[in-house]
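A.B. asks: The lines below spell out each chain.
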Amino acid sequence: MQTRRTLIALAAAALLAGIPAVSAQDKSIVVSSTTSTQDSGLFGHILPLFKAKTGIDVKVVSQGTGQALDTGRRGDADVVFVHAKSQEEKFVADGFGVKHFPVMYNDFVLIGPKSDPAGAKGKDIVAGLKAIKAKSAPFISRGDRSGTHAAELSLWKIAAIDVAGSDKGPWYKEIGQGMGVALNTASASNSYVLADRGTWLSFKNRGDLAIVVEGDNKLFNQYGVILVNPAKHPHVKKDFGQAFIEWLTSAEGQKAIADYKIGGQQLFFANASVPGA
Amino acid sequence: MAHEASALQLVLSADPALMAIVWLSLMISMAAVALATLIGLPVGAAVALTRFPGREAVIVTLNALMGLPPVVVGLAVYLLLSRSGPLGSWGLLFTPKAMVIAQTILVAPIIAALARQTIEDLWVEYRDELAALNVGPFRRVATLIWDARFSLITVLLAGFGRAAAEVGAIIVVGGNIEGFTRTMTTAIALETSKGDLPLAMGLGIVLITIVILVNALAWTARRAGERFAG
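Sequence lines, in order, name chains Y and X. Per this note's numbering, the first sequence starts with residue 40, numbered consecutively. Per this note's numbering, the second sequence starts with residue 999, numbered consecutively.
Just so you know, these hints were derived from the structure itself, not from any lab. Treat each hint with caution, since some may be false.
[What the hints assert, rightly or not] The calculated SDA-like cross-link candidates involving lysine to any residue, where the alpha carbons are at most 20 Å apart (straight line), are: (1) Y:K243 - X:L1195; (2) Y:K66 - X:W1088; (3) Y:K257 - Y:L192; (4) Y:K162 - Y:I200.
Build the full structure now, drawing on both the sequences and the hints.
C.D. replies: Pasting the structure below:
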């Protein structure tokens, strides 16, 4: 009995020891990023290139932009890589981030059933959203404080439709989930949904969905990268994190981003050198 | 894992990324079960064999904790291990160890509650005998656990099943980091969100197969043990 207990204890210790250990000397950083960068496969393309160059492992935790920034705020990531400019600026202004660097952009697309019951096709995004509201055509909202959710809400605002108040109705469903789940939900219920192009292009369960509105400059989606402030969280690996940011915004990193394609289509457009991006 | 590959192809080709995920899943769940046994078995035995005020309430609580919502446990462990949390300096968030901790919390009540029931049932059977032998309480617990060992294997398997199947806690505390904290269940959640439902389902079937294999092994060991023990 005693021996058995000892054996179990030894087994537990052995199991824990067998699990990869982490130490402060680990040449790795944690990057909290958005579901769009992960689900679109961009990280799978660029991170091996960065690792080959610097030997630094980048561990990506993909979350909605709101949650990704919160992870940085708590000090649980070394770098945040997100897309919601006003929230990013606040993050830096509040002292949680060192400096905001623009990296790239992609664009949002309005997805909907091929039959287009709202007749939104061919319109600009504002007119398209108005058409959806006019027909009370089903619309799936991320509802998760992500960058895409923030962009969607600001587009409704431009269209003067109050989805949280007077125009609320069963046609507008907030699901509180990531981009992929929102697309799955739209696909299963033949609804409209705002998606980033990258996730849409790599999404496989499209069912009867297609792009309804694209190319409107209001659908522009800027990504930025920020080092979590070591003054606030001293354990932040600032050298490795800084190396990642420098690489992303360097000619080499920018080329790696631009080279990523799905089915011949470029997903992200590097613009680190564009002032004010 | 390549997007285009089916789950079957991944298994047949022993895809290294998939094998690493399977291995990590097994290690985390088994470590959690081992730790949960160290905590849960003594607790279960103690509650089974002692009488104290509020015992009924403890039993009801243990039984209820078997249904702890994984996402709540995940969130609690997250807040605890976060750099801004009380144990932040340990630097365990988004590591496999954090996942073991979360799963241990989920599994320990299952082991404690089921072991309590198993040992108590056996105690009813043995009471007179053990009383006649006039053995001390520690001996008594040891004898009961030893004699219940084959039933207790089923208890451990119930705990393992819970650990291997759960995603809510480990995705929160592990972060689903590729090559580091990605397990079978978090990979399935990820592939589902990418809309690759066939690959997600295929991985699900691989997971179920592994759980069946583990149970078959445990069953075989139990049968062999019973024969050996006569």
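A.B. asks: Are the hints correct? Go through all of them and say.
C.D. replies: Verification of the hints:
1. Y:K243 - X:L1195: holds (8 Å)
2. Y:K66 - X:W1088: Between Y:K66 and X:W1088 the Cα gap is close to 17 Å, so the pair holds against 20 Å.
3. Y:K257 - Y:L192: holds (12 Å)
4. Y:K162 - Y:I200: Given pair Y:K162, Y:I200 holds - Cα atoms ~17 Å apart, limit 20 Å.
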